[in-house]
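Residue numbers (our numbering), protein chains in the order written: chain E, 257 to 414; chain X, 42 to 243.
Do not rely on the hints blindly, as some may be mistaken.
Said to hold, decoys possible - Every beta carbon over 12 Å from chain E, so not counted as near; a handful from chain X, in silico:
1. E89
2. N156
3. R170
4. E194
5. T203
As the list claims (entries may be wrong) - Here are the computed lysine-lysine pairs in the DSSO-like style, where the Cα-Cα straight-line distance is at most 27 Å:
6. X:K218 x E:K312
7. X:K225 x E:K311
8. E:K411 x E:K299
9. E:K312 x X:K226
10. X:K97 x E:K411
11. E:K311 x X:K97
12. X:K130 x E:K411
It is worth saying that the hints were derived from the structure and are not from the lab.
Idealized CB from N, CA, C, for every residue including glycine.
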Amino acid sequence: MSKFKKKKSGDLPAVNTAALPDIVFMLLFFFMVTTVMREVTLKVKITTPEATEIKKLEKKSLVSYIYIGAPIKALQSQFGTADRIQLNDAFASKEDIIAFVEAERETHDPAEVPLMTFSMKVDGESEMGIVTDVKQKLRKANALKINYSTRKTDKIVD
Amino acid sequence: MARRAAPEINAGSMADIAFLLLIFFLVTTTMDVDTGLTRKLPPPIEEEDPDPPEIKERNVFIVLANANDDLLVEGEPMLVSNLREEAKKFIIGDPSGQDPDMPEFKMTEVPVLGNIPVSKQIVSLQNDRSTSYELYIKVQNELVAAYNEVRNEYAQQKFGKTMKELEKEAERSNKAKLQIKAVKKVYPQRISEAEPKNFGDK
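Given only the sequences and the hints, what does the whole structure look like? Please build it.
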């Protein structure tokens, strides 16, 4: 029996996996810390259109979002199906845009204000009318750096 | 009874539990890189501003999008998929100046390249209030793509590099920076959006 028990001296020792949990925990904490739970609850349904010439939005802290789309199913009985603007957590009218821009600027350092971008997350099925209205208001508020949120695709189809 | 030493807790499955949590967070984390088309809006119009100068028709590439998501490009109906080629043709223009429908050229001082003729092209985009946003983005995308392709071809021809390569190099070299500037000056991106008009609501 001793044949089985005795280790040959030439055998490779098993790799010590005692540190494995530590490594896994480290990764776990990294992901726990970096995970951002979505900060706004979307009240409008948004499927952004696709485009090829997209750029990454850098510096997320300098980006403010304006959502436009039809209200989600659960809210349709209350708000109808016409396109709506959502700012932060609530529906807004286009008159609120200027105040929203001002409020967003207040939260930033004055030096950063010229770098702020307003990203429009608009549902592909929305009509341009409401988007144009928002754009005009942004112009009036002198928020000229804008971004149309789109997904990446390789080819545009008709 | 003699006290028995408390048996050691088996920590072997700790790794499994940690893995489980890790995978949960891995899956739920949306490394949500926001991407999009970045545009710059024109500054607001002041009442006392003088009227903008008239622009000759031949210098303008007119793209109209109506409520049914049809495109009218320079007076001709067109599909989105053909827009990029047409726009490129217009942006490059006809440097010999023969074609009366192509934009005019003007001698301009360009860094690196010196005095060369630069097209006076402008792309004008007009849409109806009922045009879908999807079409609008497609058109915007195609127009930006046309400019990018023209610039790329030009950079390739003049400097033997694409714009992307130049941009990468520009982080360290001033020469590449100037080259980018030159290409952008030769083919400036001029996409103008008309002041919104209302062609009758639905």
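Here's how the hints hold up against the structure:
{"no.": "1", "hint": "E89", "verdict": "holds, 16 Å"}
{"no.": "2", "hint": "N156", "verdict": "holds, 31 Å"}
{"no.": "3", "hint": "R170", "verdict": "violated, 3 Å"}
{"no.": "4", "hint": "E194", "verdict": "holds, 15 Å"}
{"no.": "5", "hint": "T203", "verdict": "holds, 14 Å"}
{"no.": "6", "hint": "X:K218 x E:K312", "verdict": "holds, 21 Å"}
{"no.": "7", "hint": "X:K225 x E:K311", "verdict": "holds, 17 Å"}
{"no.": "8", "hint": "E:K411 x E:K299", "verdict": "violated, 30 Å"}
{"no.": "9", "hint": "E:K312 x X:K226", "verdict": "holds, 24 Å"}
{"no.": "10", "hint": "X:K97 x E:K411", "verdict": "violated, 34 Å"}
{"no.": "11", "hint": "E:K311 x X:K97", "verdict": "violated, 33 Å"}
{"no.": "12", "hint": "X:K130 x E:K411", "verdict": "holds, 20 Å"}
Hint compliance for this structure: hints 3, 8, 10 and 11 are broken, all remaining hints hold.
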